[in-house]
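Engineer: The primary structure of each chain is shown beneath.
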Amino acid sequence: DAGVTQSPTHLIKTRGQQVTLRCSPISGHKSVSWYQQVLGQGPQFIFQYYEKEERGRGNFPDRFSARQFPNYSSELNVNALLLGDSALYLCASSLVGASDEKLFFGSGTQLSVL
Amino acid sequence: GNSVTQMEGPVTLSEEAFLTINCTYTATGYPSLFWYVQYPGEGLQLLLKATKADDKGSNKGFEATYRKETTSFHLEKGSVQVSDSAVYFCALSPNRDDKIIFGKGTRLHILP
Numbered sequence: 001d002a003g004v005t006q007s008p009t010h011l012i013k014t015r016g017q018q019v020t021l022r023c024s025p026i027s028g029h030k031s032v033s034w035y036q037q038v039l040g041q042g043p044q045f046i047f048q049y050y051e052k053e054e055r056g057r058g059n060f061p062d063r064f065s066a067r068q069f070p071n072y073s074s075e076l077n078v079n080a081l082l083l084g085d086s087a088l089y090l091c092a093s094s095l096v097g098a099s100d101e102k103l104f105f106g107s108g109t110q111l112s113v114l
Numbered sequence: 001g002n003s004v005t006q007m008e009g010p011v012t013l014s015e016e017a018f019l020t021i022n023c024t025y026t027a028t029g030y031p032s033l034f035w036y037v038q039y040p041g042e043g044l045q046l047l048l049k050a051t052k053a054d055d056k057g058s059n060k061g062f063e064a065t066y067r068k069e070t071t072s073f074h075l076e077k078g079s080v081q082v083s084d085s086a087v088y089f090c091a092l093s094p095n096r097d098d099k100i101i102f103g104k105g106t107r108l109h110i111l112p
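Here the protein sequences come in this chain order: A and B.
Going by this note's numbering, the first residue of the first sequence is number 1, and it counts up by one from there.
Going by this note's numbering, the first residue of the second sequence is number 1, and it counts up by one from there.
Extracted from the complex, chain A is given alone in its bound form (with noise of 0.2 Å):
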């Protein structure tokens, strides 16, 4: 069985542009949370999608923003680009997106941004 799989691996672009990154989850799986890790600290929780509708939104200003679609995938997007947005970006997914229950994480999409 496919694990998370998230596209592009890696992306580059320029400060003030936008950027969409995918994510398809485990089959089954009707949860989707996506993470920002920047480089030597832990993931950082930026939304949480279950059967389409937004769970739960992290710390994160307005111009990020997601959707999840009828099949369960999943598209983040950022607009008008930081430096600091430069990070690993990570999808996760689960069955029903409960507390306790195991993650399954994607290998990510590193974005520089210059």
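Bear in mind the hints are in silico, worked out from the structure with no lab data behind them.
Certain hints may be false.
Cut-off 27 Å, straight-line C-alpha distance, at most; resulting in silico cross-link-like pairs (BS3-like, lysine-lysine) [unchecked claim]:
(1) B:K104 to A:K102
(2) B:K56 to B:K77
(3) B:K104 to A:K52
(4) B:K56 to A:K102
(5) B:K60 to B:K104
Owing to the predicted nature of the structure, the values given are computational and were not obtained by experimental measurement.
We have chain A; now place chain B onto it with these hints.
Structural biologist: Okay, now just chain B, sitting in the frame of chain A:
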């Protein structure tokens, strides 16, 4: 607020040494506690978890006990191997909440 503090690395040990990576947390209510591991070139994966006080999570020879009285969830292994070299993250999920809060991670190097 909710937070996780874990010992800073890198931690360097010889093969077959005893490992402890300290983790303490601050949370309201009764969070679930996790250790995730990130092997070189791989994605984050769950190592073990505990969902209530005094629970012990274990996997691959690693153990951690949920200690509510000391708000700790220290990771231990009796005899480490070179293949255990990775970054280890302590994490919590607040009760009735869905996000996971991660510590900063501890890089572990095991020398042959």
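Engineer: Hints first: check each against the structure and report whether it holds.
Structural biologist: Hint check results:
no.: 1; hint: B:K104 to A:K102; result: 19 Å, holds
no.: 2; hint: B:K56 to B:K77; result: 13 Å, holds
no.: 3; hint: B:K104 to A:K52; result: 30 Å, violated
no.: 4; hint: B:K56 to A:K102; result: 16 Å, holds
no.: 5; hint: B:K60 to B:K104; result: 22 Å, holds
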